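A.B. asks: Position 34, counted from 1, in the sequence shown is what my numbering calls 428; the numbers after and before it change by one each time, with no gaps.
Hints were generated in silico from the structure; no laboratory data involved.
Since we're looking at a predicted model, the values are computed, not measured.
A portion of the hints provided could be inaccurate.
Stated by the list, open to error - Capping the alpha-carbon separation at 30 Å, the derived lysine-lysine pairs in DSS-like fashion look like this:
| no. | residue 1 | residue 2 |
| --- | --- | --- |
| 1 | Lys-504 | Lys-473 |
| 2 | Lys-466 | Lys-481 |
| 3 | Lys-468 | Lys-519 |
| 4 | Lys-466 | Lys-504 |
| 5 | Lys-427 | Lys-468 |
| 6 | Lys-519 | Lys-466 |
| 7 | Lys-439 | Lys-473 |
| 8 | Lys-519 | Lys-427 |
| 9 | Lys-427 | Lys-473 |
| 10 | Lys-427 | Lys-439 |
| 11 | Lys-481 | Lys-439 |
| 12 | Lys-427 | Lys-481 |
| 13 | Lys-504 | Lys-427 |
| 14 | Lys-481 | Lys-504 |
| 15 | Lys-504 | Lys-519 |
| 16 | Lys-439 | Lys-468 |
| 17 | Lys-481 | Lys-468 |
| 18 | Lys-466 | Lys-427 |
| 19 | Lys-466 | Lys-439 |
| 20 | Lys-519 | Lys-473 |
| 21 | Lys-519 | Lys-439 |
| 22 | Lys-481 | Lys-519 |
| 23 | Lys-468 | Lys-504 |
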Amino acid sequence: MAKNLGLAISCVVALMTVSTPIFAADLLFDSQKGQLTITLRDGSKRTFEAGNNTVNPSADPTEIDAHGPAPKGKFPVQKPISTGGSKPYGPFFFPVGAVVSGNPADVARKRGIGIHGDRNGPNSKTLGCIRVNDATDQELFSINLTDAIVTIEIR
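Build out the structure end to end from the sequences listed, making use of the hints.
C.D. replies: Written out as structure tokens, the structure reads:
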């Protein structure tokens with residue numbers, strides 16, 4: 395029985411190792427260039443087309459429900475949420491901003507800002523989110539499995 399228990403524990407540890415990212419990755423969104431760049435654990439970088447084409451581009455980015463551009467600054471990125479492939483959000487939604495005791499703790503999280511996919515790509519209108527195409531959304535999710543995306547700097 396001890397042998398079987400040891401094997402079971404080894405399998406659980408192996409599963410945890412595969413499904414739990416060990417390394418961190420960071421994102422940089424440059425709103426002027428329309429680019430989202432990810433820096434991986436080995437220092438390599440990948441750049442994707444991205445947009446923040448909001449329905450109210452002149453709104454104050456710190457105002458809740460104004461639907462203006464994403465606020466500038468550095469924010470944590472939460473674990474991605476599967477959207478079931480919804481057309482407005484693409485396959486995954488990466489919430490941006492801090493959460494403390496289950497509550498939004500900064501302007502990005504209070505506004506519901508996130509990184510997500512389609513409608514018709516990065517130039518589609520958003521309520522403040524950073525939009526990528528579905529292929530990029532899927533790729534970010536895949537990268538996140540081994541290199542957890544932990545922060546984003548929005549410029």
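A.B. asks: Against this structure, judge whether each hint is valid.
C.D. replies: Hints versus structure:
Between Lys-504 and Lys-473 the alpha-carbon distance is near 16 Å, which keeps this suggested pair within the 30 Å criterion. The hinted pair formed by Lys-466 and Lys-481 meets the criterion: a straight-line CA distance of about 27 Å does not exceed 30 Å. Taken as a hint, the Lys-468 and Lys-519 pair is honoured in the structure, with Cα atoms around 23 Å apart against an allowance of 30 Å. Distance check on the hinted pair: Lys-466 and Lys-504 sit about 14 Å apart at the alpha-carbon level, within 30 Å; holds.
Proximity of Lys-427 to Lys-468 is assessed by CA-CA distance (about 18 Å); at most 30 Å being required, the pair is judged to hold. Among the hinted pairs, Lys-519 with Lys-466 is consistent with the structure: their alpha-carbon atoms are about 18 Å apart, no more than 30 Å. A C-alpha spacing of about 20 Å is found between Lys-439 and Lys-473, which places the hinted pair at or below 30 Å, so the restraint holds. Restraint check for Lys-519 and Lys-427: satisfied, since their Cα atoms lie roughly 17 Å apart, inside the 30 Å limit.
A hinted pair counts as satisfied when its Cα atoms are at most 30 Å apart, and Lys-427 with Lys-473 qualifies at roughly 26 Å. For the hint pairing Lys-427 with Lys-439, the CA-to-CA distance comes to about 16 Å; that is within 30 Å, so the pair holds. Restraint check: the Cα-Cα separation between Lys-481 and Lys-439 comes to about 28 Å, which is no more than 30 Å; the hinted pair holds. Distance check on the hinted pair: Lys-427 and Lys-481 sit about 25 Å apart at the alpha-carbon level, within 30 Å; holds.
About 26 Å separates the Cα atoms of Lys-504 and Lys-427, which keeps this hinted pair within 30 Å; it holds. Between the alpha carbons of Lys-481 and Lys-504 the distance comes to roughly 23 Å, so the proposed pair stays at or under 30 Å and holds. Distance check on the hinted pair: Lys-504 and Lys-519 sit about 20 Å apart at the alpha-carbon level, within 30 Å; holds. Distance hint between Lys-439 and Lys-468 is fulfilled; the C-alpha atoms sit about 18 Å from each other, no more than 30 Å.
At most 30 Å may separate the alpha-carbon atoms for a hinted pair to count; Lys-481 and Lys-468 meet this at roughly 28 Å. Taken as a hint, the Lys-466 and Lys-427 pair is honoured in the structure, with Cα atoms around 15 Å apart against an allowance of 30 Å. Restraint check: the Cα-Cα separation between Lys-466 and Lys-439 comes to about 21 Å, which is no more than 30 Å; the hinted pair holds. At roughly 24 Å between alpha-carbon atoms, Lys-519 and Lys-473 fall within 30 Å of each other, so this suggested pair holds.
For the hint linking Lys-519 to Lys-439, the alpha-carbon distance of about 27 Å falls within 30 Å, and the restraint holds. With a C-alpha separation of about 13 Å, the suggested pair Lys-481 and Lys-519 falls inside the 30 Å cut-off, and the hint holds. For the suggested pair Lys-468 and Lys-504, the alpha carbons sit about 15 Å apart, so the restraint of at most 30 Å is met.
Hint compliance for this structure: every hint is met.
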